[in-house]
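Heads up: the protein sequence lines correspond to chains A and B, in order.
Residue 87 in our numbering sits at position 87 of the first sequence; the count goes up by one each step and never skips.
Residue 1354 in our numbering sits at position 354 of the second sequence; the count goes up by one each step and never skips.
Don't read these hints as lab results, they were simulated from the structure.
Among the hints, a few may not be true.
In the PhoX-like style, the derived pairs of lysine-lysine whose C-alpha atoms are separated by at most 25 Å in a straight line are [unchecked claim]:
no.: 1; chain 1: A; residue 1: K24; chain 2: B; residue 2: K1122
no.: 2; chain 1: A; residue 1: K367; chain 2: B; residue 2: K1029
no.: 3; chain 1: A; residue 1: K396; chain 2: A; residue 2: K416
no.: 4; chain 1: A; residue 1: K144; chain 2: B; residue 2: K1351
no.: 5; chain 1: B; residue 1: K1396; chain 2: A; residue 2: K367
Chain residues, written in single-letter form:
2 protein chains.
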Amino acid sequence: MRDLEPEDFELLERIRSNFIEVTKIFGFKLMEPSPIELLSTLEAKSGPAISNEIYYFKDKAGRELGLRFDLTVGLTRFVASRRDLQLPIKLCSFSSMWRYDEPQFGRYRWFYQWDAEIFGSKSIEADAEIIELTNMIFDKLGLKNCIIEIGDRKVVEEYVRREMKTNDERLILDALRALDKVKKKTIQQIIDEYADKGINESIMSKIIEFGNLRGKPDDIINSLKEQGLQNLDNLIRLTESLDTRGMKNVLLSMGIVRGLDYYDGIVFEVFDEKNTDIGALAGGGRFDSLPAVFDRPDLAATGVAGGVERIAIALSKMGKAKSEELSLIYVAYANKDFIKPATRLASELRKNGIRVEYDLSGKNLKKQMEVASSLNAKYVLILAPREYSQKKIVAKNMINGTEVQIRIDDIVSLLKANV
Amino acid sequence: MRDLEPEDFELLERIRSNFIEVTKIFGFKLMEPSPIELLSTLEAKSGPAISNEIYYFKDKAGRELGLRFDLTVGLTRFVASRRDLQLPIKLCSFSSMWRYDEPQFGRYRWFYQWDAEIFGSKSIEADAEIIELTNMIFDKLGLKNCIIEIGDRKVVEEYVRREMKTNDERLILDALRALDKVKKKTIQQIIDEYADKGINESIMSKIIEFGNLRGKPDDIINSLKEQGLQNLDNLIRLTESLDTRGMKNVLLSMGIVRGLDYYDGIVFEVFDEKNTDIGALAGGGRFDSLPAVFDRPDLAATGVAGGVERIAIALSKMGKAKSEELSLIYVAYANKDFIKPATRLASELRKNGIRVEYDLSGKNLKKQMEVASSLNAKYVLILAPREYSQKKIVAKNMINGTEVQIRIDDIVSLLKANV
Chain A
1 MRDLEPEDFE
11 LLERIRSNFI
21 EVTKIFGFKL
31 MEPSPIELLS
41 TLEAKSGPAI
51 SNEIYYFKDK
61 AGRELGLRFD
71 LTVGLTRFVA
81 SRRDLQLPIK
91 LCSFSSMWRY
101 DEPQFGRYRW
111 FYQWDAEIFG
121 SKSIEADAEI
131 IELTNMIFDK
141 LGLKNCIIEI
151 GDRKVVEEYV
161 RREMKTNDER
171 LILDALRALD
181 KVKKKTIQQI
191 IDEYADKGIN
201 ESIMSKIIEF
211 GNLRGKPDDI
221 INSLKEQGLQ
231 NLDNLIRLTE
241 SLDTRGMKNV
251 LLSMGIVRGL
261 DYYDGIVFEV
271 FDEKNTDIGA
281 LAGGGRFDSL
291 PAVFDRPDLA
301 ATGVAGGVER
311 IAIALSKMGK
321 AKSEELSLIY
331 VAYANKDFIK
341 PATRLASELR
351 KNGIRVEYDL
361 SGKNLKKQME
371 VASSLNAKYV
381 LILAPREYSQ
391 KKIVAKNMIN
401 GTEVQIRIDD
411 IVSLLKANV
Chain B
1001 MRDLEPEDFE
1011 LLERIRSNFI
1021 EVTKIFGFKL
1031 MEPSPIELLS
1041 TLEAKSGPAI
1051 SNEIYYFKDK
1061 AGRELGLRFD
1071 LTVGLTRFVA
1081 SRRDLQLPIK
1091 LCSFSSMWRY
1101 DEPQFGRYRW
1111 FYQWDAEIFG
1121 SKSIEADAEI
1131 IELTNMIFDK
1141 LGLKNCIIEI
1151 GDRKVVEEYV
1161 RREMKTNDER
1171 LILDALRALD
1181 KVKKKTIQQI
1191 IDEYADKGIN
1201 ESIMSKIIEF
1211 GNLRGKPDDI
1221 INSLKEQGLQ
1231 NLDNLIRLTE
1241 SLDTRGMKNV
1251 LLSMGIVRGL
1261 DYYDGIVFEV
1271 FDEKNTDIGA
1281 LAGGGRFDSL
1291 PAVFDRPDLA
1301 ATGVAGGVER
1311 IAIALSKMGK
1321 AKSEELSLIY
1331 VAYANKDFIK
1341 PATRLASELR
1351 KNGIRVEYDL
1361 SGKNLKKQME
1371 VASSLNAKYV
1381 LILAPREYSQ
1391 KKIVAKNMIN
1401 GTEVQIRIDD
1411 IVSLLKANV
């Protein structure tokens, strides 16, 4: 069983607060869909094959249930079922989920994602807002080398359909799946695999070459125009809108196609340019076809999900892992007669929002000082007979070693000003 | 499937941030134990009967797993397995869990708890610190009418053992269980139920009467002394320590015995005096015997868990449910030519941490103003031809209806000062 230990959780918490702060600025409402879904709901998107990759079971009433594998399905089910909601609606979530696949680097069976979706807007401005939101999430987190690679499944489909001279949807989907594998396999492996499925080798080569189109928006759009492609409106308007929003770290990439059962328009992924080996830190796009599965073909949808474990790795790698902690004050006592005044002082400081530790077990003063030092306390406040009889304590600055005497009545205000 | 909708989650988030703030002051480290445990781990505490009350299943490798039903078992398993940890250690967690029982008021199959534990200290000061922490959590949340009722299972056991003149552990446990039911059943029901189990009616009456001992610490301790009970040291030292910590809202109650497979010393529950019908909002105590189940009889343990759903009900009832939100600025445009400048302005404001909404779908100005009003925007900034040509916008104060013109370059600094 994997636990999220304090060091892991400190990072997770930083990623979480940053996410909550930024989504609030953009007007997203935080919620959490049920972690347990009917198996049929989870299969709705991806078909029964998904049950190989998730945890599922029967409850005591015989219902087939499964643990959620993402937050998008649950949020979509929620919005689809609630016809009373005013649209468009912006929802977000930060929580954990489960997949029953083989754990690998940065990938676990139990993991956290953040997720933000806009339901009920067909406008390309909604896609632009999702991408701007994503960018600000990474920017405020301090990951300044993030690149957003954007594709459009409709454009790729147009190209594939034309080159393959077919309307066989299965073959077209296969070709798109092949593109999704370019980063994981060699080109020859892919060509061989899909030759077996009936896709001609030279056509597959051309498609893979098309998938390698990647560069600045204007260059790629010109190149797509030169190839005679028609469905470029969305990409053109999207990149204009992102430019208006002041975003400079945008590339267009025809190799970005993403989860194929899911997305059906603009798609994008976020990479840390200095750590591309981690894989995409976040990804998203338009998925208008998913609400249709829940009887809401009228409901447009676009969104993004970020992988918390991978983002944590990226933060650690750039040395941004350590959060700023509240300074620690350690209250020590010279002997057991002073446990009670020490308790009273610690209690008083904590009531004033100051982070305080003191010994619960009756250690001698030397041991207490060692503990204070190991905890990186900023000051140790020592209660000792002579000073206490004068209503004072000794305050030792643990950084430079100096000691001063302070009147007990002044401690709170002095610390509030100095910690 | 129960979803935590935005209104629920706003409250949960407030309870969560408050918990994180207060536990930090007390030096607890936030973590999260695995949500899925081996079934044998979950049964370790409560025996196989627990499987009737939880979700459990076999994974694809045939292992018997269960969803956690609390955070204490996971945290204890974690600490018990990690002999490298420096003790005492203070850990806390805020997360969700599952129980497969019948949902009732304030009780769901999927629910959230906060949890804080101190491992490795046998000192009564650790119990006192847990209770002080609990008190500050409720105090800072604004629930000012909370009463902490404290019992000691060792004292109750001493009484029961003496009155029943038995060392039959099963009978003694039965009598304690009976006490735990006083709030849920009538006294006659309990007497009848336990008569069947072999506990004499007049003895049961005396035990229930003992369980009704409830009042100010000094009064109850005197009364326990008068009854000739011996094991009063812990209660005496605990109430002294809580007094030193400035806590006034403490009662001793011999009817508090709590989860019987679990606790073995000081136990306590927190009630909202104005809303006792909600039941205990939090409860805890010493559970030194649980680490022993994980091969660590050396590891002392004391802690507390709070029920987030019940606390949310208490907050709602006292009208403390509404959080303070960031003020909203709505950016509106007079016609579609101004969508781009509106987008640029919204983007600029958001980069400065200001919460902004604007229309994604091309509504006319009147509709935009209606939306702004329904969202309770504080100001609407209107981009219109004449003003825009002078590099100005119209700012409408939605509270008093006044309008002023503002230079576009001044908007950010003006809003930062006024929002």
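Verification of the supplied hints:
1. As the CA atoms of K24 of chain A and K1122 of chain B are separated by approximately 44 Å, the hinted pair breaks the 25 Å bound.
2. Proximity of K367 of chain A to K1029 of chain B is assessed by CA-CA distance (about 22 Å); at most 25 Å being required, the pair is judged to hold.
3. Annotation: proposed proximity of K396 of chain A to K416 of chain A holds, straight-line Cα distance about 16 Å (limit 25 Å).
4. Between the alpha carbons of K144 of chain A and K1351 of chain B the distance comes to roughly 15 Å, so the proposed pair stays at or under 25 Å and holds.
5. Restraint check for K1396 of chain B and K367 of chain A: the C-alpha separation of about 64 Å exceeds 25 Å, so the hint is violated.
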